[in-house]
Structure formats: structure tokens, C-alpha cells
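Participant: Heads up: the protein sequence lines correspond to chains A and B, in order. 108 is the number that the working numbering gives to position 107 of the first sequence; each next residue is one higher, with no gaps. 281 is the number that the working numbering gives to position 36 of the second sequence; each next residue is one higher, with no gaps.
Some hints could be false.
Quick partial rundown of chain A residues pointing at chain B, CB under 8 angstroms, derived from the structure [to be verified]:
| id | residue |
| --- | --- |
| 1 | 44 |
| 2 | 45 |
| 3 | 47 |
| 4 | 50 |
| 5 | 92 |
| 6 | 94 |
| 7 | 107 |
| 8 | 112 |
Because the hints were derived from the structure by calculation, they are not lab data. None of the values given here were measured: they were computed from a predicted structure. Even glycine gets a Cβ: it sits at the ideal position worked out from N, Cα and C.
Here is what each chain is made of, one letter per residue.
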Amino acid sequence: GAVVSQHPSWVICKSGTSVKIECRSLDFQATTMFWYRQFPKQSLMLMATSNEGSKATYEQGVEKDKFLINHASLTLSTLTVTSAHPEDSSFYICSARGGGKSNQPQHFGDGTRLSIL
Amino acid sequence: AQTVTQSQPEMSVQEAETVTLSCTYDTSESDYYLFWYKQPPSRQMILVIRQEAYKQQNATENRFSVNFQKAAKSFSLKISDSQLGDAAMYFCARGGSRLTFGEGTQLTVNP
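Produce the complete structure using the sequences and hints provided.
Facilitator: Pasting the structure below:
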């Protein structure tokens with residue numbers, strides 16, 4: 002149980018294009034979803050937290066207009082990197098948490114490797 | 246800032262031996278949760294074990310156990326009978342409304 006599917010797993014695109022990454026909870030309802038960014042050999046950096054039906058809460062330093070997050074249903078959240086540039090190249094991971102209690106663990110997707118040429 | 250510190254960037258262990266990964270954290274909250282996640286080369290984040298701060302008993306999951314010292318704000322992970330498949334990056338994390346991760350410890354298991 003507690004499977005999170007993230008798609009695509011790898012995307013390469015030209016500078017200036019927008020890229021959408023999907024995160025789905027397959028067998029549970031995700032009250033809260035999280036988006037992280039991870040650079041090679043570094044830890045996960047939280048970008049934003051989203052609750053179903055609400056606007057996402059972004060961490061300090063994360064551009065809201067660059068990284069658009071939508072959490073329209075209890076099983077789907079999307080991250081859109083708008084007008085992507087090479088510096089946006091990174092590994093992006095989503096996670097989902099069910100229920101209303103913060104002691105519930107986050108279940109992670111397999112990540113998306115984004116390469117901007 | 247409420248931080249999580251893993252002081253061992255790299256660790257190695259012989260297959261079948263035991264290894265302990267260290268983690269300390271800082272928090273002003275009285276109710277919080279602690280996790281260890283494993284990230285193998287595939288980069289998938291896998292929950293290894295979790296501990297609720299109000300529980301004094303140390304959590305155990307098969308070969309994995311923790312030594313939770315609340316007063317010292319310490320949360321170490323012990324892996325017994327290490328296997329080749331245990332090789333990965335291990336992240337300690339403190340949770341509440343959000344997770345704060347440590348910098349990770351790269352574990353190598355030698356055959």
C-alpha cells in the first residue's frame with residue numbers, strides 16, 4: 002500500500018519551455034503533497050507544500066511564478082516549471098501524506114530528472 | 246533554524262556486520278516525529294523506520310532499530326546483519342507538519 006506514482010521519470014527539453022510533472026497517490030487519499038528538489042549528492046530541499054483545494058505554501062526563496070503547483074484532487078498534484086532554464090535542471094521528488102495527522106509518514110514518488118538544454 | 250545533523254557523510258560496513266548511523270536534531274516542539282529514509286542509487290526514497298517522540302521505547306523493524314535519546318536530541322539508526330542491498334544514502338528526518346532532512350550518510354556495504 003501507500004504507492005505514489007510520479008511521471009515523467011526523465012524529461013529533456015529546450016530552454017524556455019514549460020514542463021509539467023505529475024504526482025499521484027494510487028491507493029490512498031493524499032491530504033497533503035510536498036515537492037522537493039535534490040541536487041546531486043545533496044539532501045532534499047522542500048520547495049512547497051500543498052493541501053487539496055488550497056493554494057500551495059512555498060518555502061522561502063522558491064519562486065511561485067516559476068514553479069506552479071496545483072493540487073486539485075486528493076490523488077493528484079502537479080508541478081509546472083515555467084519557462085525552464087538550464088539552472089532549473091535538477092531532480093524533483095514529490096511525496097504524499099494521507100490523513101490529517103502529521104505523524105503519518107510521507108510516501109515518495111520515484112522522482113523526475115529534469116534536464117534543460 | 247530547526248536543523249537535523251548527520252555528522253557522518255560516509256560509512257562502510259562489512260556484509261553481515263552491524264553499523265550505526267548517527268543523527269542529532271534541534272527542535273522547540275514537544276510533539277514531533279523522527280524518520281530514517283533510505284535512498285538507493287535508483288533515487289527512490291524508502292521509509293526505513295519511524296519513531297514518535299512521546300514514545301520511550303525504541304522502534305524496531307526487522308534488522309533496523311533506533312536508539313532514541315530525547316534529552317540529547319539524538320536518533321541513531323542501527324543496521325544489524327548488513328546486506329549488500331542496504332547500500333544507499335540514508336537520511337534522518339524530523340517531522341511535524343513538514344519534514345526536515347539531514348544531509349545524509351552514504352553507506353557502503355563491502356562483501
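Participant: Hints first: check each against the structure and report whether it holds.
Facilitator: Going down the list of hints, with the structure as the test:
Here the hint on residue 44 of chain A is kept, as its CB sits about 5 angstroms from the closest CB of chain B, short of 8 angstroms. Proximity of residue 45 of chain A to chain B holds as hinted, the smallest CB-CB distance being about 5 angstroms (cut-off 8 angstroms). Interface hint status for residue 47 of chain A: upheld, as the beta-carbon distance to the closest one in chain B is roughly 6 angstroms, under 8 angstroms. Because the smallest distance between the Cβ of residue 50 of chain A and any Cβ of chain B comes to about 6 angstroms, under 8 angstroms, the interface hint for this residue holds.
Of the supplied interface hints, the one on residue 92 of chain A holds, with its beta-carbon coming within about 6 angstroms of a beta-carbon of chain B, less than 8 angstroms. The interface hint given for residue 94 of chain A holds, since its Cβ lies 7 angstroms from the closest Cβ of chain B, which is under the 8 angstroms cut-off. Taking 8 angstroms as the C-beta cut-off, the interface hint given for residue 107 of chain A holds, the closest approach to chain B being about 6 angstroms. With 8 angstroms as the threshold, the beta carbon of residue 112 of chain A comes within range of chain B, its nearest partner Cβ sitting at about 5 angstroms, so the hint holds.
Going down the numbered hints, you'll see the structure goes against none, and every one checks out.
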